[in-house]
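Sequence order for the protein chains is P and B. Residue numbers for the first sequence follow the numbering used here, so the first one is 7 and each next one is one higher. Residue numbers for the second sequence follow the numbering used here, so the first one is 650 and each next one is one higher.
Worth flagging that the hints you see were computed from the coordinates, not collected in a lab. Keep in mind that a hint or two might mislead.
Partial chain B-side listing against chain P, Cβ under 7 Å, derived [stated by the list, open to error]:
1. Leu668
2. Tyr680
3. Arg742
Distance ranges between label pairs, derived from CB positions [said to hold, decoys possible]:
4. P/Thr26 - B/Asn712: 14 to 24 Å
5. P/Pro67 - B/Ser661: 36 to 46 Å
6. B/Gly690 - P/Thr83: 35 to 45 Å
7. B/Arg721 - P/Ile18: 38 to 48 Å
8. P/Gln17 - B/Arg721: 36 to 46 Å
9. P/Arg114 - B/Asn671: 22 to 32 Å
10. P/Val88 - B/Ser701: 32 to 42 Å
11. P/Met33 - B/Glu652: 25 to 35 Å
12. B/Gly690 - P/Asp79: 23 to 33 Å
13. B/Glu666 - P/Ser73: 44 to 54 Å
Quick caveat: nothing in here was measured; it's all calculated off a predicted structure. Where is the CB? At the ideal position from N, CA and C, for every residue including glycine.
Below are the chains, spelled out letter by letter.
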Amino acid sequence: IAGITQAPTSQILAAGRRMTLRCTQDMRHNAMYWYRQDLGLGLRLIHYSNTAGTTGKGEVPDGYSVSRANTDDFPLTLASAVPSQTSVYFCASSDSPMTEAFFGQGTRLTVV
Amino acid sequence: KQEVTQIPAALSVPEGENLVLNCSFTDSAIYNLQWFRQDPGKGLTSLLLIQSSQREQTSGRLNASLDKSSGRSTLYIAASQPGDSATYLCAVRPLSGGYNKLIFGAGTRLAVHP
Numbered sequence: 007i008a009g010i011t012q013a014p015t016s017q018i019l020a021a022g023r024r025m026t027l028r029c030t031q032d033m034r035h036n037a038m039y040w041y042r043q044d045l046g047l048g049l050r051l052i053h054y055s056n057t058a059g060t061t062g063k064g065e066v067p068d069g070y071s072v073s074r075a076n077t078d079d080f081p082l083t084l085a086s087a088v089p090s091q092t093s094v095y096f097c098a099s100s101d102s103p104m105t106e107a108f109f110g111q112g113t114r115l116t117v118v
Numbered sequence: 650k651q652e653v654t655q656i657p658a659a660l661s662v663p664e665g666e667n668l669v670l671n672c673s674f675t676d677s678a679i680y681n682l683q684w685f686r687q688d689p690g691k692g693l694t695s696l697l698l699i700q701s702s703q704r705e706q707t708s709g710r711l712n713a714s715l716d717k718s719s720g721r722s723t724l725y726i727a728a729s730q731p732g733d734s735a736t737y738l739c740a741v742r743p744l745s746g747g748y749n750k751l752i753f754g755a756g757t758r759l760a761v762h763p
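Looking at chain B on its own, in the form it has when it is part of the complex (with noise of 0.2 Å):
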């Protein structure tokens, strides 16, 4: 059964720092994984999504890598800044038992402070 982490579970950091956030997923079987960002009370925004084929995949400040093979996804956030402060989630499509279900972890929430 695919399962996926996300360490650390919260992160606070003043404005500025490069930071990363971190996932693993137990089963490399996967269409893609996709990261999300959640606003309090709001809904999921994507942020890029990166296909099993890729290694990385850049918007702005961000980048995304992937290593199917060790079961790990990274975001990194450039130059953090108090609006970037939100859960961040990781998702995998996992290729086996159809690609209709997004597995997701339970987050990192980040603050950032100026």
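Extracted from the complex, chain P is given alone in its bound form (with noise of 0.2 Å):
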């Protein structure tokens, strides 16, 4: 079935430590995003990707970078975790401004 796939499904994790979340799409989307989600905040954008090879910053892009090699992958990394970004993580992707975005099933990342 195409999607987007996000790993690990959920994980626990020490502060300090790095973490890579995974995510690839098979539907050759042009833009790819990282969103997180928490109580009360609802979804923020952290860092998004309009096409292979470039980036850019959401508005909440401290503490997270991501790489976009190639069309599929969209990981996102957190270089030393501090418990405020325990959150749920969701990956999302979409052709062009215009069509649907779509959304993975997300990572539950708790920080100790």
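Can you join these two chains into the complex? Each is in its own frame, and there are hints to help.
What follows is the structure, encoded as structure tokens:
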């Protein structure tokens, strides 16, 4: 089934550790996004990529980095995790600003 | 700054009722508006996408309208079923600041009881 695959599904991580959340899409969409969802704060954009080879900062980029080496993959890295990064992380993609955005199933990350 | 508000925050209805979920946004300069459904502990499922030039979109028992000038959208669910229970989110894609951002409302949590 075509769509977005995120891994892992959930993770408990010690503070200070490095972690990469994986995201792969098979729809050949140009744009990809990372959001975090927190109770009371809703969904907020962390980083985005309009096309392979380009990335940009969203609303809450601090503490996170991304890369877009090819069309399909958009990993999100936490260089040194902190408890405030405990959240549910969603990867999304769309072909253009005029088309639907599709979301993955999310990664539930707990930093302790 | 674009802000998206959804009212009500929560709604509980008996099965079979027709219902309306509301979404308002402060800046009418948008590419489009998208409605999503989110089940507990799950990802977002796209329901309907309305372009800024459109007035409404329909999919099965769902109908979404858009009044861009007044900054409002409604999601109409006909003959609600217990399986419709979920959180419904609306999101706008603004024209300014790049199209890379979807700005979300906080959602309406819907419970349909038998």
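Hints, verified against the model:
1. Leu668: violated (22 Å)
2. Tyr680: With Cβ-Cβ at 5 Å, under 7 Å, it holds.
3. Arg742: Since the shortest Cβ distance to chain P is 6 Å, the answer is holds.
4. P/Thr26 - B/Asn712: 14 to 24 Å: Between threonine 26 of chain P and asparagine 712 of chain B, where Cβ atoms are some 41 Å apart, the hint is violated.
5. P/Pro67 - B/Ser661: 36 to 46 Å: With a Cβ separation near 38 Å, proline 67 of chain P and serine 661 of chain B satisfy 36 to 46 Å, so the hint holds.
6. B/Gly690 - P/Thr83: 35 to 45 Å: violated (24 Å)
7. B/Arg721 - P/Ile18: 38 to 48 Å: holds (42 Å)
8. P/Gln17 - B/Arg721: 36 to 46 Å: holds (40 Å)
9. P/Arg114 - B/Asn671: 22 to 32 Å: For asparagine 671 of chain B against arginine 114 of chain P, whose Cβ atoms are near 30 Å apart, the range 22 to 32 Å holds.
10. P/Val88 - B/Ser701: 32 to 42 Å: holds (39 Å)
11. P/Met33 - B/Glu652: 25 to 35 Å: holds (30 Å)
12. B/Gly690 - P/Asp79: 23 to 33 Å: Cβ of glycine 690 of chain B to Cβ of aspartate 79 of chain P: about 25 Å, so the range 23 to 33 Å holds.
13. B/Glu666 - P/Ser73: 44 to 54 Å: The hint (44 to 54 Å, Cβ to Cβ) holds, given that glutamate 666 of chain B and serine 73 of chain P are roughly 48 Å apart.
In summary, the numbered hints that this structure violates are 1, 4, 6.
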